[in-house]
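Number of protein chains: 2
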Amino acid sequence: MNLEVFILGCGGMMPLPRRHLTSVLLRREGDLLLFDCGEATQISLKKLNLRWKNISTIFISHTHADHVTGLPGILMLSSQVDRTEPLYIIGPPKIKEFVETSIKVLDMYINYDIIVKEITEPGVVMQGENFKVEAFPLEHTKPCFGYKLTEDQRPGIFHPEKAKELGIPMGALWSELQHGGTITLSDGRSVTPDMVLGQPRKGRKFSFVTDTLALPSISEEVKDSDLFICEGMFEEELAESAHEKKHMTAVEAANLAVSAGGIKKMGLIHYSPRYTDKELSLLLEQAQSIFPDTFLTRDGQTILLKYED
Amino acid sequence: MNLEVFILGCGGMMPLPRRHLTSVLLRREGDLLLFDCGEATQISLKKLNLRWKNISTIFISHTHADHVTGLPGILMLSSQVDRTEPLYIIGPPKIKEFVETSIKVLDMYINYDIIVKEITEPGVVMQGENFKVEAFPLEHTKPCFGYKLTEDQRPGIFHPEKAKELGIPMGALWSELQHGGTITLSDGRSVTPDMVLGQPRKGRKFSFVTDTLALPSISEEVKDSDLFICEGMFEEELAESAHEKKHMTAVEAANLAVSAGGIKKMGLIHYSPRYTDKELSLLLEQAQSIFPDTFLTRDGQTILLKYED
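Line order of the protein sequences matches chains W and D. Under my numbering, the first residue of the first sequence carries the number 113, and numbering increases by one thereafter. Under my numbering, the first residue of the second sequence carries the number 113, and numbering increases by one thereafter.
Check each hint, because a few of them may be wrong.
Where chains are identical, the list cannot tell them apart; a pair therefore holds if satisfied intra-copy or between any two copies.
What the hints assert, rightly or not - In silico lysine-lysine, DSBU-like type, Cα no more than 35 Å apart, as pairs:
1) 159 - 254
2) 377 - 159
3) 158 - 390
4) 208 - 390
5) 159 - 390
6) 229 - 390
7) 208 - 377
8) 206 - 335
9) 377 - 357
10) 274 - 314
11) 216 - 276
12) 276 - 206
13) 314 - 244
For the record, the hints were derived by calculation from the structure and aren't laboratory data.
Chain W on its own, in the form it takes in the complex:
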């Protein structure tokens, strides 16, 4: 099953022509999940030519303008297609007020259900089919959450030689065992999946963290991520000013990745507009000196997350 991550925007604070505001789309089979939705997110979606109308859930880190002002456009767009499923919007307190006042003041025409769920405490905020999304607290100038998507464990690898040893005929019974079912053979013997399968295999993990101080607790949340998308707004020399604004540096992001452990790669995001595209290499170098598997996200980028085995 494919798990693809699309970078819709990598910019922070103000959008630039080739750096729209921070927004990441995740596609897992039929599920399209959006993380943050700043101004021009709908344009980035169109550029990618995705079937954006199927976005099922939008996760908002916090209700600052550069993370939510693309929402009204997305809501309006969704009325232009035959949408039957509700759209879920999940975020910190005030997200409901933002959505509701936008619809009311702008007299938006909405022909489907919008369900806004405000996060009151950390934990599971979405239970999908074979995966879940959890929110965890960050520390910014207003309530802010990080998100992690974790797939359920997959059954272990099927060992045909073991099945043959047990005298199980190839076909439907093999398939039943592969999918975790217990079977009964014609001679009355019962075979459980663990008798023919290897150890359960880890599912994939994606995490999204932006607009926060580099809290040590973040490491625990994002450990073992196949992809850790993390704010890398400033160079290390600007750490003090970053902290004043409750932001982190690229180096701090890299330190979080190292102490988390098990992170396959980290994509920096939410760059300060003070850096030109070329100057972003400074952030990359600083982060890579600590966590080598760091890369710079760019608008339009697609990242495929593979199974470990």
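Please build the complex by placing chain D on the supplied structure of chain W, with the hints as guidance.
Okay, now just chain D, sitting in the frame of chain W:
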């Protein structure tokens, strides 16, 4: 004095990668005036590399999402520069509520004065130096206004031969007369400007009309425009559906231009996203068959409005 019009976006309803939402910037010496401000307007401004921080007034036609969702971003941006002058926002009822709730709900940091003026009746909404902007009512699914900017008359052409005949020495006295002042010569004679100047000359006129039925009253308002920017959302064959949504066709825009009289050129804008860039030629052909001086506005376009003489 230069009068330049910049097309920041020519799209209607939803922005496309090369067709941002309807927004037009007008530059007249130090004055930067913005007409409508949909999502991604700030990106278009950056692409043009204009000194956008000096925008003095934003005129809003109506408070539908595709005409105002770029405002929070512009307001936020304006806090990033050393702005000392207030920013005026002028539009129909609800614009104040939109600006105020955006600032409140999104906790926007604003370090300058924003003065929102809701239009309660047609008339002058801005008095500039040697020009004024007037609002006039349109008919859409919610209160909507058109705008026209009219420059004051300029003094007539100076005739040096007349000045010489009257024995006025070249220099400061000529200049005084050219600028409309009355002078007294050393022999006691008084000379008024009309004795050395031709007829007062017409100032330039710009008008902006979008999201409306093609009311006959529009023609009266926009007559003699050097540039008439007008909605041309649909082809003629879709007139019925356009009217249901209180929009007009490109042909109707052309008919307004013809009956207005004195219009130098008309730029169509606010295209339906149903048309590809190529298909817009249909709208152009239909309008040009009625009003030949029609053109299609495009994102990034600059139009210089010249004096008649």
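Hints, one by one, checked against the model:
1. 159 - 254: both (31 Å within a copy, 31 Å between copies)
2. 377 - 159: both (25 Å within a copy, 33 Å between copies)
3. 158 - 390: both (26 Å within a copy, 18 Å between copies)
4. 208 - 390: Cα proximity of residue 208 and residue 390: none, with 38 Å in one copy and 40 Å across.
5. 159 - 390: both (23 Å within a copy, 18 Å between copies)
6. 229 - 390: For residue 229 and residue 390, the Cα distance exceeds 35 Å both inside one copy (39 Å) and across copies (43 Å).
7. 208 - 377: within (33 Å within a copy, 46 Å between copies)
8. 206 - 335: within (29 Å within a copy, 47 Å between copies)
9. 377 - 357: within (26 Å within a copy, 49 Å between copies)
10. 274 - 314: within (22 Å within a copy, 95 Å between copies)
11. 216 - 276: neither (65 Å within a copy, 68 Å between copies)
12. 276 - 206: neither (59 Å within a copy, 74 Å between copies)
13. 314 - 244: within (14 Å within a copy, 68 Å between copies)
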